Amino acid sequence: MKYILTFFLISFASYGVSAQSVVVNPNGTHSTIIDNGKTKTIVNPDGTHSTIIGNGKTKTIVNPDGTHSTLIDNGKTKIIVNPDGTHSTIIESGKTKKIVNPKKKQVKKK
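This note's numbering numbers the first residue of the sequence shown as 51 and each following residue consecutively.
Since the hints were made in silico from the structure, they are not lab data. These numbers come from a predicted model, not from an experiment. Watch out, some of these pointers could steer you wrong.
Unchecked claim - Listed next, the in silico BS3-like pairs over lysine-lysine satisfying Cα-Cα at most 30 Å (straight line):
#, residue 1, residue 2
1, Lys-126, Lys-90
2, Lys-153, Lys-109
3, Lys-109, Lys-147
4, Lys-128, Lys-109
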C-alpha cells in the first residue's frame, strides 16, 4: 500500500510538468530552462530569472533587469534582438543548439 500511495503521489506531482533543459554558458556556469508550454522560465546561475513568452514565431524575453529581448523563430536558425540593438543567433543542430553572441567592442584606454 505504501508503494502504491508513493507512486500516485509522484504521478500527481509530476502531472503537467514539461521538459527541462540545461544551458552551458560560455564561462562554464549553467542555466536551467523550464518549459511550461507557451512560457518558459530561465533560472540563471546567479539565481535571477528570465521569462520567455511565446507568441507564434516571435517570442518576448523579459530579462532579470526588466529589459526585453525579441526572439524571432526561423526554424533551425533563430535571431535574438538584444535590448542594446545587437543580435545573437541560435543555430540548431539536432538536440544541440549553439548561441553566437555579438562581439563586444573593446575600448582602448590611453
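| Which of the numbered hints above does this structure break? | Of the numbered hints given earlier, the structure breaks none, since each of them holds.
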